[in-house]
Structure formats: structure tokens, C-alpha cells
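Participant: Residue-level listing of the chains:
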Amino acid sequence: MSPSPDNHGAPDGAKRRVLVVDDEPTLRLGFAYALSSKTTEVDTAATGQLALEMISETRFDIIILDLRMPDLDGIGVIDSLRREGNNVPIVLCSAALNPNAASQAILHGVVDFLLKPVRPVDLRQMVDFVLHPGQQPFPQAMKAARQRQTDEAILMIGKNDPLDNQAACWLKVLRSIQEAYSNGDHSNLEELIRTNLPTLAFKGV
Amino acid sequence: MLRLRLFYGLLTIVLLLWSVGAAALLLMQDSIRRADHQLKMDYQVIDAAQSVRTFTATINTSYLPALAGPPPILAPDRALYDSTRALLEEKQRTIHMTASNGPRWQNVITRLDPVFASYFEGYETYFNGDAVTRVQREDLLRFTSTQTQRLTDLTENIMTLGEERLFSGAKKLGDDSGKNFLFVVTLVLLGTFIAVIIYFQLVRHLVDPVATLERSIDEIRKGNFELTLSQPSVGSEFSKVISAFNDMALELKIRRGESDENLLRANLVNAAILEAIPSPVFVLGDKSGIIQINPAAEALTEKLGVSGRLPLKIQNILDECKEASCHFLPEDPREALLFRIDEEEYYYLPRIFRYDSEDFLHSGWAILLHNVSRIRWLDDMKTNLLSTVSHEIKTPLTGIRMVLHLLLEERTTKLDEMQRVMVTSANDDCERLLITLNTLLDLSRAESGATHLECVPVSLRHSVERVSQLYTEVAANRGITLHLEEETSGMPDILADPIRLDEVLNNLVSNAIKHSPNKGNVWLRISRPDGEFLRVSVIDQGPGIPAESQSRIFERFYRAPGQDVDGVGLGLFISREIMRAHDGRIGLRERKHDLTEFYIDVPVA
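Listed in order, the protein sequences are those of chains R and S. As numbered in this note's numbering, residues 1 to 205 make up the first sequence, in order. As numbered in this note's numbering, residues 206 to 810 make up the second sequence, in order.
Don't read these hints as lab results, they were simulated from the structure. Backbone N, C-alpha and C define an ideal beta-carbon position, used for all residues, glycine too. Do not take every clue at face value.
Label pairs and their calculated CB-CB ranges [as the list claims (entries may be wrong)]:
#1 R/R175 <-> S/E760: 43 to 49 Å
#2 R/R124 <-> S/E690: 36 to 42 Å
#3 R/N165 <-> S/S732: 47 to 53 Å
Computed from the model, here is a short list of chain S residues facing chain R with C-beta under 10 Å [what the hints assert, rightly or not]:
#4 K587
#5 L591
#6 H596
#7 T600
#8 P601
#9 L609
#10 L611
#11 T617
#12 E659
#13 R671
#14 Q674
#15 P703
#16 P734
Take these sequences, add in the hints, and give me the full structure.
Facilitator: As C-alpha cells, then:
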């Protein structure tokens with residue numbers, strides 16, 4: 001296999017399919033190398049627009065999405081996908097994650113954040129965390145959150161014992177998501193994200 | 206001269222006094238003497254006349270009765286007669302002597318002598334015994350009686366005249382005293398007149414110069430140095446004073462001329478300096494408002510539509526300065542005030558300076574508006590550039606790092622020893638570069654965003670806990686223990702931007718860990734130094750900061766010499782910027798018990 005940054009490999013039902021969307025060629029290359037394995041096939045897209053096209057053609061299990069991109073940025077891609085009713089899990093991967101973008105993403109069920117620079121191992125763990133959450137309460141809770149089942153997520157997170165910092169933080173965020181859904185007031189959520197952004201980001205297992 | 210004048214003036218008055226007194230005395234003595242003399246004469250003549258009558262009566266009483274009888278046998282005793290006659294003749298002489306020269310007096314006197322002679326003749330006849338017959342005797346008697354009668358009449362006349370003269374003498378005395386009185390009055394009037402003249406002379410020579418001097422001094426006090434006093438006559442004591450005064454006036458005039466010149470020059474220099482200064486400058490007096498304003502300031506106020514007045518923003522700062530009575534000399538361009546002129550933004554850094562004269566009469570404020578628009582623009586440019594460049598470098602760098610990590614993982618390809626060493630080294634450099642870039646980004650964020658804090662009430666304990674948790678692992682790797690201490694529980698919330706506060710705490714804690722010895726301790730202590738602030742102290746057991754570096758550690762890009770730990774020297778600078786934006790404090794405590802303590806003070810919400 002000689003993967004290239006812009007590999008449009010043929011779909012293989014047995015394999016996990018990952019789409020890496022980033023405008024940085026080396027990073028696409030790196031991500032593709034890092035994730036490619038016998039069980040995982042990686043496709044890459046250089047722009048948001050291109051990514052949307054590929055997503056419309058192929059079903060991906062997970063999308064690793066950069067936030068800052070030239071034509072259509074990460075939030076634009078998320079917006080567009082969710083409008084189409086596509087609930088594919090998305091990992092937002094950026095060097096400069098801002099609270100505003102993060103809160104929009106969270107409201108769209110994007111709860112997995114990777115802060116660049118990323119180590120290959122983090123990337124693999126992230127993908128595993130999303131695609132194979134296992135039975136632990138926290139990954140399960142995040143899974144529920146991804147599907148925007150906030151009540152379920154809160155319930156699951158509560159099972160975490162002891163409640164670590166990240167989990168506690170997510171509990172607060174989830175509660176304010178509930179609040180935001182019920183009364184449309186996002187200010188509390190944004191505030192919470194602003195304060196706790198580094199904590200909310202994915203940490204290697 | 207003046208003394209002489211005074212002496213002469215007073216001497217004249219004294220002499221006048223003496224002469225009036227002497228004249229009055231002399232006149233009085235003279236009139237008394239004359240009155241006395243006259244009175245004596247009058248008395249003598251009256252007395253003599255009276256005596257003549259008495260003596261004739263005595264003679265007649267003694268001898269005439271004998272004539273009525275027959276002639277005596279014996280010759281009559283003429284002793285009485287002789288003695289009386291002598292007295293009579295003496296009285297006669299007295300009358301002669303005391304008689305006046307008037308015609309009436311002469312008339313009586315000339316008539317008196319023959320009567321005396323006839324009278325004595327009669328008695329001589331009697332004593333000679335010539336009248337022996339009865340007829341003769343009767344004739345003699347008759348004759349003697351007649352003479353006596355005449356004598357009596359004449360003496361009567363003389364007495365009348367004497368009395369008259371007495372009365373006329375008294376009258377003359379009255380006249381004389383009247384004249385004397387007039388004379389004395391005239392003398393007194395004359396003396397008064399002379400005294401008045403002397404008074405005016407003295408006024409002219411003594412008081413007038415003093416009064417003129419006083420007026421002139423007043424004039425000089427008002428600033429009129431042009432006047433000179435006329436020189437008085439030679440020899441006057443005032444001539445020295447006047448010439449000294451004139452000298453003084455002249456010197457003052459020269460001095461004023463000099464100081465005027467100096468003032469003029471200073472004014473010109475001032476004006477030139479003010480004009481040359483491109484920044485608007487206002488000089489205000491405490492009482493008089495704006496005293497001076499340079500062309501730049503005029504132009505600015507005109508453009509702002511507040512010609513000749515201070516812009517409101519400046520006035521507000523000035524008012525604060527006045528209240529605190531201190532200078533306002535900010536250095537940081539970020540403290541500049543924004544003015545919009547013709548749709549453009551200008552930043553002016555107000556520098557307000559208090560000036561006082563030593564006597565506090567001339568005090569006020571000088572205000573210089575330093576145009577820092579360009580500096581601000583450049584600073585913004587630099588920050589933006591820094592941010593952009595850092596991001597632009599960071600993006601590919603993350604890619605490179607990814608690739609290096611992948612290579613080092615050796616999942617697909619094994620690296621030989623040489624390759625591994627090289628890739629590892631490249632990876633280390635890459636990591637270091639990333640850290641530097643992150644710091645630069647922090648710096649640009651601190652510089653651009655320091656004023657855009659989003660402060661909310663935050664629990665300081667939660668922030669400290671977050672940071673402590675974040676670093677627990679890093680610390681544990683080196684056997685360092687983090688201790689979180691709180692002086693008292695129930696501390697109030699603080700007003701802070703939690704993200705920025707975390708940055709500061711992260712920086713301090715990572716520094717503390719970096720400089721701690723292995724298996725050391727780092728304490729995070731929350732305390733409350735005063736009512737307004739909460740404090741977090743970060744204490745480590747590291748070697749501390751060299752004394753000569755302590756004042757510079759908060760500077761940009763400063764690194765204490767001899768450090769082997771990584772870093773670009775921005776952490777503390779950024780922390781300080783953030784704390785400053787919080788109106789908080791950051792500092793290094795004096796090293797005690799081999800402990801280094803950094804602290805931050807955050808205002809209570």
C-alpha cells in the first residue's frame with residue numbers, strides 16, 4: 001500500500017472507513033499513515049467542499065475534520081452534514097479551537113475534540129474511542145452525546161465513579177446543552193466551554 | 206542743612222518769644238515808674254498846698270488874736286513863727302518844684318510867690334512892733350487875713366490842679382497801657398506770622414521730600430522704573446537719599462531691562478520648543494485655565510470641535526489627577542485614548558504633569574498628548590504578524606511532527622540506528638519549535654487580547670485545582686509533589702477571565718516544577734492579603750532567582766542567565782500582562798527558608 005494524501009481508495013465493507021479532512025498535505029499524509037491498518041481504510045480530502053462531495057458518494061464511519069480551511073471550514077461542513085440528516089461521528093481536530101466553534105459543534109453532536117499537534121497514538125485512540133466505545137460509562141455517555149441523546153448521556157456519565165475532572169466537566173456541559181435545547185439560551189454553554197475547553201478535549205486513554 | 210534750617214526756625218521763634226517778653230516787661234516797668242513819679246509829684250504838691258493852709262492856720266491862730274487886743278507890753282515870741290515860716294518856705298519850694306509847666310500852673314505859681322511875700326511882710330510888721338495903734342493893728346489884722354485868704358485860695362487852686370493832674374495822670378497811664386497792649390499784640394501776631402512761615406518752610410523742606418519719596422516708591426512698586434526724583438538743593442540731608450533712590454531706580458530699570466530680555470528670550474525659546482513639539486501640549490494654571498497651547502494642540506482641538514478647550518476625555522483624566530494630586534505619566538501605548546478625526550482613529554497617550562512654584566503661587570498642570578497611533582498600529586501589526594506567522598508555521602509543523610512520530614513508531618518500516626537518531630533529533634527540535642510557537646501565540650494573544658478580558662466571578666480554588674490536576678502527572682514524573690493549601694475556607698469569588706487566569710497559574714506552576722529539584726515539593730497556597738484581593742502563592746524549593754535578575758524577570762524575552770531549562774522567556778511577561786489587565790498583581794516574594802515564592806493577587810468579585 002502506498003497511500004497518498006489524496007487517496008480515494010475503493011470502499012471495502014469489512015474495513016472501518018475514515019475520512020481525514022485537512023488543508024495541510026503533510027498532515028493528511030501523516031493522519032492517513034497513522035490510521036491506515038488492516039482494519040481501517042483512510043480517505044483524505046483537502047477542502048470542506050471536497051469532503052462533502054466524498055461523503056455524499058461514500059459512507060464513512062468517522063470523519064476527522066480540521067476547523068480552519070480555506071473554502072468551507074469545519075463548522076460549515078458539520079452544519080451542512082447535519083442539515084442533510086447525516087449523523088456520522090465527527091472528530092474536530094484543530095490547533096486553534098475557539099469556544100464559539102466548539103459550542104456550535106457540541107450542539108450538532110460533535111463532542112470529540114483533538115487539539116493539534118496530535119500524536120499518532122492519540123489519533124488512533126480517538127478513532128477507537130469513537131468507533132468502539134466499549135462498556136465503560138464515559139465512552140458510552142459520549143456516544144449518547146454524539147447521538148444527541150443528552151438525557152441518556154447525563155445518566156451514563158453519572159455512573160462514572162469516581163467522577164474525574166473531564167467527566168465532571170462534560171456533565172456540566174451536557175446539562176447546559178439540555179438547558180440550551182430547552183430555552184435556546186446558549187450563553188451558559190458557551191461560557192462553560194470557554195472556561196473548560198482544554199479539559200473537554202480528548203485525552204489519550 | 207536741614208538741621209540748620211530747623212535750628213534757625215526755632216531760634217527765630219525763641220528770640221521772638223524773648224523779645225516779646227522783654228518788651229512787655231520793660232513797658233510795664235516804665236509805665237509803673239512813670240506813674241509812681243507822677244503820683245509822688247501830685248501827692249507832694251497836694252500835700253504841700255494842704256500844709257501851707259495848715260501852717261498859715263497855725264500861725265494865724267497863734268498870733269492874730271493878739272492883734273485884736275491892745276498891743277502887748279512885751280514883744281511877742283516869734284519862735285513859732287520862724288519855725289513855721291521855714292516849713293512854709295520849704296512847702297513853697299516844694300510847690301515850685303512839683304508844679305507843672307502848664308499856663309494855669311505858672312499862673313498860680315507866679316501869683317503865689319507875692320502872696321507869700323505879702324503874708325510874711327504882714328507878720329514881719331507885726332513882730333517889729335510897727336503896728337501900735339489900734340487902727341494900725343486892725344489894718345494889719347485885716348491885711349494878714351486878706352493875705353491868708355489869698356494864700357488859701359491859691360493853695361485851693363493848687364490842690365485842684367494837683368487833683369486834676371492826678372486824674373489826667375491816671376488817664377495817661379490807661380492810654381499808655383493801651384498802647385503797650387497794642388504793641389505786645391503786634392509782636393505776638395508778628396511771631397505767629399513768622400512761625401507760620403517757618404512751618405511752611407519746614408513742610409517744604411522736610412515733609413515734601415518724604416512724601417515725594419513715598420509716592421515714588423509706590424510708583425516703583427507698581428513697576429514704573431522710569432521716574433527720577435529732582436535733586437534737592439546742595440547740602441540737604443535728603444540729597445543723599447534722593448540720589449540713592451535715583452540710583453536704585455536706575456538699577457532696577459536696568460535689571461528689569463535685563464530680566465525683560467531674559468523673559469523675552471525664554472518666551473521665544475519656549476514658543477519655539479512648543480511649536481517644534483509635534484505632540485499637542487496644553488499648559489494650565491490652577492486658577493486661570495489654559496495658559497499656553499501649542500499649534501499642534503490648537504489643530505487637534507479645532508479638529509475635535511473643541512477649539513481652545515481640553516477634550517472631555519483628557520479633562521476627565523485631569524480631574525482625577527487633580528483629585529489625587531499626582532502626575533499621570535503612563536508609558537504603555539495601550540493606555541492611549543482614542544480620538545476620531547475625519548473618520549480616522551488616532552491614539553493619544555496623555556501625559557499629565559503637575560508643576561509648582563516654590564511659593565505655590567504659580568502652579569498648574571502641563572498636558573502632553575503623545576500621538577501613539579503609529580506605535581499602536583505597528584504594535585498591532587507586529588502582534589498580527591506574530592500571530593499569523595506563528596499559525597502559518599505551526600500548521601505545517603504539526604504535519605511534520607506527525608510524520609516524525611509515525612517514522613519513530615516504526616510500524617511499517619524499521620529505521621536503522623542512524624536514521625532513528627536523526628529522526629529523534631528532528632522530532633525534539635520540532636517539539637521545541639512547537640513550544641516556542643505556542644508561547645509566541647500566547648504573547649500575541651496577551652498583547653492583542655489583554656484588554657478584551659471576559660471577567661466573571663470565578664472560584665479561585667477551582668482554578669487552582671484545575672491547574673494542580675493538570676500538572677500532577679508532569680510533577681509525579683519527577684517525583685515532585687503538588688500541595689494545595691487554603692488559608693481559610695469560604696473565600697469569596699474573584700473577578701477574572703478564567704482562561705487567562707489559568708494561563709497565568711499554568712505558567713507559574715510549570716515554572717515551579719521546572720525549577721524544582723527532583724522529589725521536591727511545590728505548594729499552591731490561597732490566601733487573602735487584604736480586603737480587595739485574593740492571592741495564590743506558588744512556592745518551590747528550587748535554587749531561586751539571582752538577585753540581579755529579579756527586577757527583569759517580567760520583561761519580554763528575558764531569561765535569567767545560566768538557565769538550562771527550555772523556554773523563550775515570555776511566560777512571566779505574558780502572565781504580568783494578563784494580571785495587569787485584571788487590575789491584579791504579580792510578583793516575586795523575598796526568598797525565605799530556601800523557598801521561592803511567586804504570587805498573584807486577583808481582585809475579589
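Participant: Would you check whether S/K587 satisfies its interface hint, that is, whether its CB is within less than 10 Å of any CB in chain R?
Facilitator: Where the cut-off is 10 Å and the nearest Cβ of chain R is about 19 Å from S/K587, the hint is violated.
Participant: Next item in the hint list is S/P601. Is there a CB on chain R closer than 10 Å to its CB?
Facilitator: holds, 6 Å
Participant: Go through the hint on S/H596 and say holds or violated, using the shortest Cβ distance to chain R against 10 Å.
Facilitator: holds, 7 Å
Participant: Hint validation: S/P703 versus chain R, beta carbon distance must be below 10 Å. Holds or violated?
Facilitator: holds, 4 Å
Participant: May I ask you to test the hint 47 to 53 Å on the CB atoms belonging to R/N165 and S/S732?
Facilitator: Roughly 24 Å apart at Cβ, these two residues miss the hinted range, so it is violated.
Participant: Just tell me: holds or violated, for the beta carbon distance of R/R175 and S/E760 against 43 to 49 Å?
Facilitator: With Cβ atoms ~44 Å apart, the hint holds.
Participant: Just to be careful: measuring from the Cβ of S/L609 to every Cβ in chain R, is the smallest value less than 10 Å?
Facilitator: holds, 9 Å
Participant: Next item in the hint list is S/P734. Is there a CB on chain R closer than 10 Å to its CB?
Facilitator: violated, 25 Å
Participant: Is it true that the C-beta distance of R/R124 to S/E690 lies inside 36 to 42 Å, as the hint says?
Facilitator: holds, 40 Å
Participant: Hey, does the S/R671 contact hint survive, CB to chain R under 10 Å?
Facilitator: Interface hint status for S/R671: holds (7 Å vs cutoff 10 Å).
Participant: Checking hints one by one. Is S/E659 an interface residue toward chain R, by the C-beta closer than 10 Å rule?
Facilitator: holds, 7 Å
Participant: Identify whether the interface hint at S/T617 stands, where standing means a beta carbon of chain R within less than 10 Å of its own.
Facilitator: holds, 8 Å
The structure is inconsistent with the numbered hints 3, 4, 5, 16, although it conforms to all the rest.
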